[in-house]
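With the hints as constraints, model all of the structure from the sequences given.
Each protein sequence line maps, in turn, to chains A and B.
If you count by my numbering, then the first sequence holds residues 48 to 333, one letter each, in order.
If you count by my numbering, then the second sequence holds residues 45 to 304, one letter each, in order.
Hints may be right or wrong, so weigh each one.
Claimed, not checked - To give an idea of the chain B side of the interface with chain A (calculated C-beta under 8 Å), a few residues:
#, residue
1, Glu66
2, Leu68
3, Leu141
4, Ser147
Calculated from the structure, these hints are not laboratory results.
Beta carbons are placed, not taken as given, at the ideal position from N, Cα and C, and that holds for glycine.
Each chain is listed here by its residues.
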Amino acid sequence: MNTWHHLISLLPFEWTQFAFMRTALLAVLLASPLFALMGTLVVNNRMAFFSDAIGHASLTGVGLGVLLGLADPLWALVAFAMILGLGIIALQRYTRSSMDTVISLSMSFSIALGVVLLSRGGNFNQFSHYLIGDLLSITPGEVGQLLITTLLVGGGLLFGYNRILLLGLNESLARSRGQSVWWAQMLFCAAVVMVVTMNLSWVGILIVNSMLIVPAAGARNIANNARQYVLYAVGIAIFSGVAGLIVSYYANTATGASIVLVAMACYLVTLSIKATREVLGRRSAV
Amino acid sequence: MEAHHHHGLAPHVCGECCTKLENLGVTLNGVPVLEDISLHLHCGELTTLVGPNGAGKTTLLRALLGEIPHTGSIHFLPVFGHGREDAPAIGYVPQRLDFDRFSPMSVQDAFSCVLSRWPVVLWPTRRDRETAREALAAVHAEHLIARKLGQLSGGELQRVLLALSLTPVPNLLLLDEPVSGIDLPGQEMFYRTVSELRRRYDLSILMVSHDLVGVTAVSDRIVFLDHRIVCAGKPAEVIANPEVRRTFGLDLAPAAPETP
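Set out below in structure tokens:
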């Protein structure tokens with residue numbers, strides 16, 4: 048950690064002179080690749096709405112944590128989001144309703160409950176930092192938690208990547224290869240819950256899902272295979288993470304939202320690359 | 045009805061029973077879909093399931109895949125050394141692969157995904173690449189290895205899926221209307237490839253089709269299914285069956301010559 052601070056403070060920028068910025072940079076560099084890797088699977092397996100619901104359900108987790116009198120509601124948040132996430136998958140399997148209906152249902156319930164819990168006594172405003180997040184006040188201890196999450200979940204994701212990708216391609220095909228669809232789905236959803244909730248306090252509930260979806264969606268525009276897909280997504284995520292952090296420092300804006308705006312700009316660039324390729328392809332075909 | 049001894053098989057085809065279905069039945073939502081299905085599938089043979097819509101053809105495949113519960117019994121006799129009696133290696137080519145055509149996944153990626161756990165996002169291992177190339181060569185699709193799955197034509201996609209289902213060589217290959225929606229040359233190419241593979245790997249194949257006339261040349265046996273087995277046998281025998289002729293309208297006026 049000291050080496051990190053020392054190295055970064057050698058960079059000839061004004062912002063590198065502040066310890067909180069150096070810690071924030073480390074957090075961004077740890078979290079962005081994980082978000083990108085997970086995002087590629089979330090987008091491929093059409094789980095974007097699911098991860099969005101998990102982000103929003105976290106509000107209720109915070110409410111429950113406060114109700115239980117916890118100083119740091121993080122673990123109440125992780126536990127509630129996990130129950131809700133696995134509950135969504137189980138409910139969908141049981142009722143065989145469409146996934147978006149089950150998610151909408153669960154999300155409406157959890158947001159309503161969260162708002163009711165947090166607005167008791169008219170104190171909702173004190174929780175608003177969960178909505179927009181606060182990267183600059185991240186502590187070294189929290190960065191340590193991020194490191195552990197990244198190593199564990201990232202390693203698990205890499206190990207299970209092939210199976211989850213095949214599952215996203217076609218369920219029957221995955222089943223005919225002797226895969227347990229149920230377990231793969233449950234473990235993947237648990238991983239989504241971990242990534243979303245562990246990063247919530249610095250990204251913010253409102254945009255945590257964009258951190259997952261935007262880099263992957265951009266990478267899809269230009270990738271031709273799975274390797275390029277992940278490579279581009281990680282590239283976009285790291286670039287927008289670092290650029291967004293610096294922008295937020297100079298413009299004095301919320302960091303998470305700034306990162307998402309840079310990522311959106313990257314998305315537009317990939318979209319124009321895709322459009323250009325299509326025009327060129329059509330011309331060469333003629 | 046059940047012919048156990050076949051004549052005229054190629055000498056290297058063992059012709060033994062590979063999969064035995066005894067009194068199989070399936071009930072979905074309280075409605076009996078399949079009743080009293082007893083069927084033996086043999087190595088090196090292509091058995092085709094035909095029948096009207098809603099006859100339970102796909103349901104039978106799903107029961108074999110273990111996706112839905114059934115009564116009666118299914119016995120698999122593994123002949124390739126891998127696969128267990130209760131969990132055989134089954135190759136499966138779905139009717140129309142319902143997938144996201146914009147997904148950045150190449151043909152090689154699909155192979156890497158099923159071949160090993162080595163993450164497909166890293167470089168493919170040499171072994172995975174060679175296995176994929178060999179499997180694709182067997183279905184005349186080597187040139188498609190680097191293409192995106194979503195950019196393949198219907199016929200190309202079915203051949204890639206066929207190659208995928210043969211990696212590793214399964215005990216039983218299930219094809220669910222594999223050529224529906226594919227143009228005629230694509231269909232012929234697919235059937236020719238399946239015939240070659242059946243001999244090369246001594247495969248036991250069960251194919252679902254709604255096109256009785258189209259499959260007579262390629263099938264070793266045809267089973268006419270309408271919730272139960274109405275008739276089964278060599279293609280010529282099944283085509284001669286009055287109920288089959290009525291269902292497929294074979295006795296109507298001879299087909300009008302196709303407009304060129």
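Here is how each hint holds up against the structure:
The restraint placing B/Glu66 at the interface with chain A is violated, with a minimum CB-CB distance near 22 Å, outside the 8 Å limit. Here the hint on B/Leu68 is broken, as its CB sits about 19 Å from the closest CB of chain A, past 8 Å. Interface restraint check for B/Leu141: the shortest CB-CB distance to chain A comes to about 6 Å, inside 8 Å, so the restraint holds. Using the Cβ-Cβ criterion of 8 Å, the hint placing B/Ser147 at the interface with chain A is satisfied: the shortest such distance is roughly 6 Å.
Of the numbered hints stated above, those contradicted by the structure are hints 1, 2, listed in ascending order.
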